[in-house]
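Chemist: Residues per chain, in single letters:
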Amino acid sequence: MADLKIEIPTIKDTQSDFNKLFKIYQKIEDNLSSIKNINRFLYDFSHCRTIYPNAIAFLFGLIQYLKSNKKEIFYIKGSLKKKIQSQLAANGFLNKLDSSEEYLEKETLVPLREDRDIGNENLIIDYLQNNWLPKNWINLSDLVRHAIVGKVWEIYDNAFSHAFSPIGIYSCGQKIDNKIKLAIIDFGRGIPLNVTEYLKKHQMPSSEALKWAFMDGNTTKKENRGLGLGFLKSFVKLNKGELEIFSGTGHVKINEKAERFTTKKTFLHGTLIYITLMCDDKYYHFTHETSPVLAKPLF
Amino acid sequence: MLIKIFEITGKNCITLEQGKIVYDSIYPFLIKGDLVEMDFSKVEIFASPFFNQAIGRLLENISSDDLNKQLKIKNLSAPNLATLSKVIENSKKYYSNPKHRKAVDKTINDISQNSI
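Order-wise, the sequence lines are chains A and B.
No gaps in the numbering here: position 222 of the first sequence is 222 in my numbering, and each next residue is one more.
My numbering runs 299 ahead of the 1-based position in the second sequence.
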């Protein structure tokens, strides 16, 4: 039986970089079913000069996805350039694959995280507060920090409730120049599939399905839920950051200028959420941060 | 009745399950007309699944007017109060939705028939 090499190129976070990731996924999917005499899949990093956290979370999640399909995937140790080796050691990627590899913390990295189930909500909150939004990276009042963390936690909660990902959720981040990035990915059903099945509108374009999913009050669950992206979206726009979501063939990009929903030709079996915040010299706080006296009835 | 939410949930009020625990603590008092005060001091992180279950769900069986008279919220910052207001607004629509009401009515009828 032979090993199948999967070449990992330089991957940042432009549209074509995300397409590279989805092509890697497709190559693996295609080979899973058609070629039975593959011993292992091997990541070959010899052409990779830079790798961003979206790729790290994605590639590690793919490893777990393959393991759940009883296939092995590993990496060619000699293929790692020094810079890439150092980065993958620092965010825990190598240590998670091979515990003999040293885990070296590095200041600008947000560690790779694996959550198989919802039971770790307090740990996820700590991760988001202390690793992704430490106080020396971006000037936020405690209330703003808490509000962002609460909203991003809802992304995890939604993924656990809706995605039915057989392998859980993977996150990774990094501070690159003056931007903080966080990628959260699951390999579950994807939002468009959930929405089109719920609404019984199987011809609905993925872009429309995503738009429906992110409207306040909409949910595919029986309970009263669905408050959309709310504050996170508002903050990203104010901060001149970006919020990008890939799910199935659906894609949405939200920034200060626009919210653009599209249906792409590439397909992701799951959902990838990518948040970019700008580290500028502003101090972000709410206009009113105290506990107010209610001017009108609450109900 | 005063309920200190931090003593039940800790500093994170984020999950559906936490919301259910709080709901189960306050509902019996509210349904019989008692006053309930919810104190959110020391709680830091909030998420809508918690608010949906703990407070939004009260609208299923208790009117807005009664809740305004009986339920007091303390030490919740303006931004979190805004989130709670949105949850309440959504909950009002959800629990007044005829489809939902139809499902509830059918369930009640089924239970009634099975009890005869």
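Hints are computed from structural coordinates only; laboratory data are not their basis.
Just so you know, even glycine gets a beta-carbon here, dropped at the ideal spot from N, CA and C.
Incorrect hints may appear among the rest.
Stated by the list, open to error - Straight-line C-alpha distance at most 30 Å; calculated DSSO-like pairs for lysine-lysine:
1. K135/A - K373/B
2. K201/A - K392/B
3. K233/A - K175/A
4. K385/B - K201/A
What the hints assert, rightly or not - Calculated Cβ distances over 10 Å to all of chain A for the following chain B residues:
5. M300
6. L301
7. I325
8. Y326
9. F328
10. G332
11. E343
12. L358
Chemist: Would you pick out the hints that fail for this structure and give their numbers low to high?
Modeler: Hints 11 and 12 contradicted; others consistent.
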